[in-house]
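Engineer: The primary structure of each chain is shown beneath.
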Amino acid sequence: MKDAVAPTGTGGNGVTRRFLLKGGACALVGLGAAPRFLLRTATADSARGRVLVAVFQRGAVDGLAMVPPYGDPGYATARPAIAIGPPRPGDGDTARDLDGFFALHPALAPLGALWDNRSLAVVHACGSPATTRSHFDAQEYMETGTPGVKSTRDGWLARAVEALPVRRSPLRAVALGPILPRALSGEAGAVSMQNIEAFDVQPDPAAGAARAGFEALYAETVDRWLRDRGHETFEAVHTLRRTQAARIPPANGAQYPRSPFSQALRQIAQLIRADVGLEVAFAEVGGWDTHVGQGNERGQLANRFREFATSLTAFAQDLGDRLADVVLLTMSEFGRTVSENGNRGTDHGHGTAMLVLGGAVRGGRIYGRWPGLGAEARFEGRDLAVTTDFRALFGEVAERHLGVPASTPLFPGWSRARADLGLFG
Amino acid sequence: MERRSLLVLTMLALTIPVMARADGPSASPGSSPPATSSRPGAESSAAPSDDAALVHLLSRITFGPRPEDLARARRLGGRTFLEEQLDPDRAGLQEATAALRDLPTLTMSIPALLQAYPRPKAELLKRLADGRMTPEAYQALVPADHRPVRIVAEAQAARALRALESPRQLEEVMVDFWLNHFNVYAGKAAVRWYVTAFERDVVRPRALGRFPDLLRETARHPAMLFYLDNWLSTRADFVIAAGPRAGQTAGLNENYARELLELHTLGVDGGYTQEDVREVARAFTGWTIDRPNENGRFIFRPRLHDRGPKVVLGRRITASGQDEGEALLSLLAGHPATARFIATKLVRRFVADDPNPALVDRVATVYRDTDGDIRAMLRTLLTAPEFHAASVRAAKTKKPFEFVMSAARAVDARVDARGGYELARAATLIGEGLYEAQAPTGYPDRAEVWVNAGSLLARLNFAQALAHGRVPGVTVDIDGLVAGAARHVPAEVLEQLLGRVVLGGVSVETRAVLAAQLSDPRVTRLTTDDRVPADTDVATLLALVLGSPEFQRR
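Heads up: the sequence lines are chains A and B, in that order.
Quick note on the working numbering: the first sequence kicks off at 1 and runs consecutively.
Quick note on the working numbering: the second sequence kicks off at 1001 and runs consecutively.
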């Protein structure tokens, strides 16, 4: 057993050091070092509010490859072909050490700088109390925030938005992608968009604009459900046109890869920087269901991680000072088996690792109790056990970062009994 | 002067009586997504007699009704029309889609496809990626129509062409249903060479057949074996004899076993455990693919098979090699949870997003009584009072592919092979790419997933493109749609268009908005010379009609 939180310094001293070390990102606008209540007062009524960016790694990412516990004696033996070897200082092809026990997968090395300046934290052995190993069910549970309960109609992110003071922005909650994810369905008026630049009725060259006609059709229809969808859509169209968010180029030399996920983050950054009133954004990235040949330092999963890491770093770089207002939280429906399977891959497991990135995050630490990989410590004898309920993590981020009141029933049927993980100062 | 006459016209349009509205679309939808399941006994009409009932039937068993479909249904009566669709062979309904002949891959075998559309050499791709080869040079060496992606594009085009033109519409709807139920993803490595055969040889011939047959054939098809990794699953102690991993131990992969239980048969609440998943995976070891990149055929390899004893759902499986898998498929197909799961999905697809439990029970009973006869289940479902209840009319929101195809059918689009691809592509842009669902769950069948800001705009933009003739390979005879209407009388044009395109009718409100559009000078092009009649811009009006709320429902 190992208490993952303990090794790093805590207390007032740690906080001071954090602000010193954060350098660029946290030298900020002087506000960065101000007490939290002042910060909140200063931003409460401006368009520059807090933003939560939820990133769903669909398909169950292997937390044991993403943040390998190379110090655990059970790790290498369970994965003869696919374990990530221990870090060798100075060798960029090996894992990037975090705290002498955990490391980042070598392909995630670009995130190392964010760890060093304490903007990035890891919550390990995190996941759901539900025992399902179905992608579909587990994603549903994580997005509704009600593990084991399928009748929940709305998503936890939608409930979070609804609990915040009302803002008039039609772009409070935005999902980048073709469909609205479960996490944002509900009464929050969330909208989905694939491409903010093309988010409009394309006029016909010969006939001119048709937007007004369509808008009228949806405004007048007796089909209430479609009327609401139409209203959300056209309000969002008008706001995007007015703020010209799509024209904002990446700042600070940020270079986004061309992948759909990366482009989603680029557009979320545009919405943030255009001050459209965004509060919650959602993006997703697939390709984690590595049943076959997942690779080790190199290979299939390494390639996915590389794109993932360069996308996140481009996002952080692009936001620059604005990262102080933003938290990016990664999640995945479950982890993967501790042992590799017959095809040098891994099957559906239980606990995994989640990342928390943001200017106000007490980064540079691993959070959560490490259960160990020994046979008796595993969940059902095969998987990484869950020691941090995902609701504890999500709830803390919603409350401490977004300002969702503690009294909000964000996760029906469950209350955060234990103390905070301490992700925020 | 012109302005005044336009106002009069607009008001005239408003007063024209609304057709078929007694229990039309405006009656049902509330504030939550789709109208809920029907209330049993709320309406007693079992036999579709009036036009509204026929339009309802057509909207569920076709990819959108065309006027000639309605005429035929009127002539035959709803019940006979349905019987024709349930048994298109006996009714002599021939597929006659000429454009399919321009898609050569449709009839090719897997080995022939592997040979004719080979995987690009890794070395070439690498040189292209690191800039040692220009895209032009690559293009010259590997022309686009010899790349494997061509196979998937043709399969997609064919789906659209058939949905558009096949008289065997219900069969086509069921092909769509089963391909979603037994989802495979063409983007996963070798699957792209297999999807054509999977649809053609496995799903299409059995779309209206028996579920146990479908299950058995999907289990042994290379598309499924590859997609869900079963071809790689071996007994735990199997040592690889040759190749790059010679001498290493392979082992179990439980991907297929889990989805077989969760998504193909019992359903996630069907009462199986993680232990069952492992036991099923062990039973299917040895079900693999013979030379995936050259031959691509199912083969059972006894050497890979786990010969140990197995217990699934409390039943002992006798050690018998390949027969263990076969016995398991029979066990699963005959399980009451499977009957219930399939019945639920059918009711959701054909009736309402939230399936009526009583109707699910009846369809599940038919499954059990007929050993999974799809035709019998559909007959029960489509003649049930719940199916004809007013509360479920227009209650389903069209999926993107349904929306695109229903629009093309409503305007009687003429489509060549390229156009077929473009229509499938339009569905992709709205969120439903054929053979492009990556997760084994396939696409959801619920409204809230399919209509939100981004996809609504994508729908409106497709309506624009189709109406203005901007979809390559797709021709719409705009003038033909309003033949007989006086073009200088906008209200008449609108009336004709609505009657032709939205057979279920539109609400008073939608009609009023459309009528108001007629006062837009871009819609009704007036001339400064009073002696020349005004002309109505039918395309702009049509785009609005296809993008209207009513047209998003079925």
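Since the hints were derived computationally from the structure, they do not count as laboratory data.
Even for Gly, the Cβ is constructed at its ideal location relative to N, Cα and C.
Do not rely on the hints blindly, as some may be mistaken.
[As the list claims (entries may be wrong)] Derived contacts from chain B toward chain A, CB cut-off under 8 Å, selection only:
#, residue
1, Gln1274
2, Gln1438
3, Ser1519
Engineer: Minimum Cβ distance from Gln1274 of chain B to chain A below 8 Å?
Structural biologist: With a closest approach of 6 Å, the Gln1274 of chain B hint holds.
Engineer: At a threshold of 8 Å, is the proposed contact between Gln1438 of chain B and chain A supported by beta-carbon distances?
Structural biologist: 6 Å, holds
Engineer: At a threshold of 8 Å, is the proposed contact between Ser1519 of chain B and chain A supported by beta-carbon distances?
Structural biologist: Ser1519 of chain B check fails; min Cβ-Cβ to chain A is 11 Å, beyond 8 Å.
The structure is inconsistent with hint 3 alone, although it conforms to all the rest.
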